[in-house]
Amino acid sequence: MRTLLELARPRTLPLALAVICCGNALAYTHGAWRFSVFLLSLLTALSLQILSNIANDYGDGVRGTDRHRPASAPRRLTASGAVSIRQMRQLLAAGVLASLSFGIALLAVSSPSWSDLLLFLLLGALAILAAITYTVGRYAYGHHALGEVSVFCFFGLLGVIGSYYLQSGSYRPAVLLPATGCGLLSAAVLHVNNMRDIDSDAAVGKSTIAVKLGFARSKTFHLALLAAAVLCYLAYAVIAPASLLWLLACPALARHAQRIFRAADPVCAGRELKAIVLITCAINLLFSLGLCFVT
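Residue numbering for the sequence shown follows the working numbering, starting at 1 and increasing by one per position.
Just so you know, the hints here were simulated from the structure itself, not pulled from any lab data.
Heads up, a few of these hints could be off.
What the hints assert, rightly or not - Estimated spans, in silico, between C-beta atoms of each pair:
id: 1; residue 1: 242; residue 2: 118; range: 35 to 41 Å
id: 2; residue 1: 214; residue 2: 251; range: 28 to 34 Å
id: 3; residue 1: 203; residue 2: 81; range: 17 to 23 Å
id: 4; residue 1: 238; residue 2: 81; range: 53 to 59 Å
id: 5; residue 1: 105; residue 2: 170; range: 17 to 23 Å
id: 6; residue 1: 265; residue 2: 3; range: 26 to 32 Å
id: 7; residue 1: 265; residue 2: 141; range: 24 to 30 Å
id: 8; residue 1: 36; residue 2: 294; range: 23 to 29 Å
id: 9; residue 1: 122; residue 2: 93; range: 19 to 25 Å
Predicted, not measured: the structure shown is a model, and the values here were computed from it.
C-beta atoms are modelled at their ideal positions from N, C-alpha and C, and glycine is treated no differently.
Turn these sequences into a full structure, and let the hints guide you.
Right under this line is the structure:
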């Protein structure tokens, strides 16, 4: 059980909660919300994130990338030999099955039109493929500086807009603002992880945005992600002032940004991973609570 928890990386799972709550809160304010759709959206997002975490452990373990991880980083089970290659493949298959099951159940209860059903089946298949091929396969896109782009799309645009659409059956352009903000914060989470691993990734030829930019410019890039996200949430407040409840998380966000700016090395920056996960979750939950309950 402990091994399974390590593979799931529970500290990262609040991101799935954040993105689904954001999309559902937006739908709730527009008069469309069903608990069954919310629950299955959350379970689908969680299963996809766990699948991605398992695939990441497996892919980097098989490639040998994780043998060079810094001592401060959490252990990886494939690289350490705690879980065999065969067991990891079985867990990957189980993760795919869980994601498919929850996704199909979600589509069944949300009752989309036939055209929407086909679209979401395609998007679901793409999400599963992206979760696996982040570090698995001949062209693992996580090794080609595309990790943050994928996180932005799936834990921002697709997660928020998709969950909003499945609840409401419609799309409003303004929803793009919080969806973008959520995606930028989620990308910032991965970027902190990649800043921590910048030296070990460079040593094995893994190309990430952090490796391409170097440590100093990576810090600037991270701060730019945070600033752009803040602007997106602020812009949405023109439509829904109650959403500004997320400002309660700003002191923590400011302290995090300051610590990143002052980080002397990748190890110091890596210590901020837990903080940015919790801040991302807090901002989106407060944003959602403001929309739903503050008048």
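(message) Output the indices of the hints that this structure fails to meet, ascending.
(response) none
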